[in-house]
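A.B. asks: Single-letter residue listing:
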Amino acid sequence: MQLPIQLNEQSAEPLYYQIEVQLRALIVSGQLTEGTLLPSIREFAGMLKCSVITVRRVYSDLENEGLLRTRQGTGTYVAFVGEKERDRHRLAAVIEAIDQAVVAGKRGQCTVQELEELFSESIKKHYD
Amino acid sequence: MQEIDSAIRLENVIQRRLNFELGPLNLDIPKGFITAIVGPNGCGKSSMFRLLLELEKPDGGKLSILEHTVGAGSDTELKQKIGYLPEHPYTGDDGMRASAKAEFYKFWYSNWDGNRYRELLRMLEVDDSGRLGKMSKGTRRKFDIALALAHAPELLLLDEPSSGLDPLAWKKMIELLHQYMDSGNRTIVMTSHIVEEVKRLADFIVFMADGRIIGMYEKDELFSSWQTLFLSGEGLNAEVAAAMPGQCGVEYAGGTTFRVITNDAAAAEAWREREGLRLVSRQMLTLDEILEALVLKDRKSYRFNDVKGARS
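Heads up: the sequence lines are chains A and B, in that order.
Those letters in the first sequence? Residues -18 to 109, per our numbering, in order.
Those letters in the second sequence? Residues 1152 to 1463, per our numbering, in order.
These are computed hints drawn from the structure, not numbers from a lab.
Take these hints with a grain of salt, some might be off.
[Claimed, not checked] Derived pair list, reagent style BS3-like, types lysine-lysine, alpha-carbon separation capped at 25 Å: (1) A:K30 <-> B:K1182; (2) B:K1230 <-> B:K1182; (3) B:K1322 <-> A:K30; (4) A:K30 <-> B:K1323; (5) A:K30 <-> B:K1350; (6) B:K1288 <-> B:K1323; (7) B:K1322 <-> B:K1350; (8) B:K1285 <-> B:K1323.
[To be verified] Far from chain A, some chain B residues (derived; all Cβ distances over 12 Å): (9) P1191; (10) E1207; (11) E1276; (12) G1281; (13) T1290; (14) Y1403.
Glycine residues also receive a C-beta, built at the ideal position from the N, C-alpha and C atoms.
With the rest of the complex left out, here is chain A (with noise of 0.2 Å):
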């Protein structure tokens, strides 16, 4: 099974903590089912092209937030995600790349003026 996650080597953010946040997002937003078998460790990690160590973690991370489940011999699974972790799961995304977007507004030296107007206009643009 390919899975859409992009990795993007330019970033500064490391490599487990990219397909974590893409893995988390396709779970919490249901594109993943639950019950559903994800790739091997060796397989995802062919496909990432990383390390399985690198996997590994993402794997065992998102078991501990209850998003995974593995099962000893035959392969890690999607989890039963609640409606209400799921909303919880789904604001922190969101959080998170609104968050990521004023930095790099700041860093671009934005006004907050700026940074508003950029953001209704990007609302604009997608939800309209």
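Chain B: place on chain A using the hints.
C.D. replies: Showing chain B alone in chain A's frame:
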């Protein structure tokens, strides 16, 4: 992290040749992972493989494979657990039919799996009825890969496995090796010149140059710590830029911008913020760029120590 057993261990291994000295090599390759050995031609990669398989004897040091000390007692049982793909096919059996060679392997490997062998040939699209010497380079390579894998060894030693393979066969080989790793506590140690191959397969990378090991790294950590940073800022000059942690090269990039290579990206980033410099852009280094930088650094320090040693 849990303790990881080692598949291969080298302690102070030395081999002296008329015009080449290998070692002293110290290396610990973990079980359950793919380790790629990279280095310029003639750096000693294949020699190391031959020492491990006892095809040649070291002049000093100790080698062990899968808890077995090389050169101590019978290795019949050990060899059953190893699959070896040499760099070049053995030309002595050119007149032999491929199927006869497979029979020969079957005789020596008690764990030979005929079904698996057939399956491998089918996947790699190789017909074993012809003579080995008549096969094209790529077909011969595919056949040898099938031979190395058919007894489901615990440890695979692959010396430039993809040489001669076309892109489709190469993809198939990568897939086969992933499958091989997935079925149990398997280990692959391979040499390669192909950057893409190392990226797709390796978990650990060992760098060799001039008969010595100059470093072993976890792949993702390696690629994330080597970066090229383009920095700009008032008062930035070559001297300031050279003080960046892990600095491995500084170059003027026009205006107030400098291009600096670091092998410690996290520390470099913290340093940049402290110095109040602006990050213009950031690039990852490719495997060959890292190899080049490591070789350069190693030669410098080696020569330096040589000179120091001579003077004291």
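A.B. asks: Decide, hint by hint, whether the structure agrees.
C.D. replies: Taking the hints in turn, this is what the structure says about them:
With a CA separation close to 20 Å, the supplied pair K30 (chain A) and K1182 (chain B) stays within the 25 Å bound. For the hint pairing K1230 (chain B) with K1182 (chain B), the CA-to-CA distance comes to about 17 Å; that is within 25 Å, so the pair holds. Taking the CA atoms of K1322 (chain B) and K30 (chain A), the gap is about 14 Å. The hint holds against a cut of 25 Å. Taken as a hint, the K30 (chain A) and K1323 (chain B) pair is honoured in the structure, with Cα atoms around 16 Å apart against an allowance of 25 Å.
Of the pairs offered as hints, the one joining K30 (chain A) and K1350 (chain B) holds, with about 5 Å between alpha carbons and a cut-off of 25 Å not exceeded. The straight-line distance between the Cα atoms of K1288 (chain B) and K1323 (chain B) is roughly 16 Å, inside the 25 Å bound, and the hint therefore holds. For the given pair, K1322 (chain B) sits about 13 Å from K1350 (chain B) by alpha-carbon distance, which is consistent with the 25 Å threshold. Between K1285 (chain B) and K1323 (chain B), the direct Cα distance comes to roughly 23 Å. Compliance with the 25 Å bound is thereby established for this hinted pair.
Here P1191 (chain B) stays apart from chain A, with its beta-carbon at least about 23 Å from theirs, past the 12 Å limit. With a least beta-carbon separation of about 31 Å from chain A, E1207 (chain B) lies farther than 12 Å from that chain, consistent with its non-interface assignment. With a closest Cβ-Cβ approach of about 21 Å to chain A, E1276 (chain B) is found to remain outside the 12 Å limit, as its non-interface label requires. The Cβ of G1281 (chain B) lies farther than 12 Å from every Cβ of chain A, with a closest approach of about 32 Å, so its non-interface assignment holds.
Under the 12 Å C-beta cut-off, the non-interface status given to T1290 (chain B) relative to chain A holds; the minimum distance is some 25 Å. Here Y1403 (chain B) stays apart from chain A, with its beta-carbon at least about 22 Å from theirs, past the 12 Å limit.
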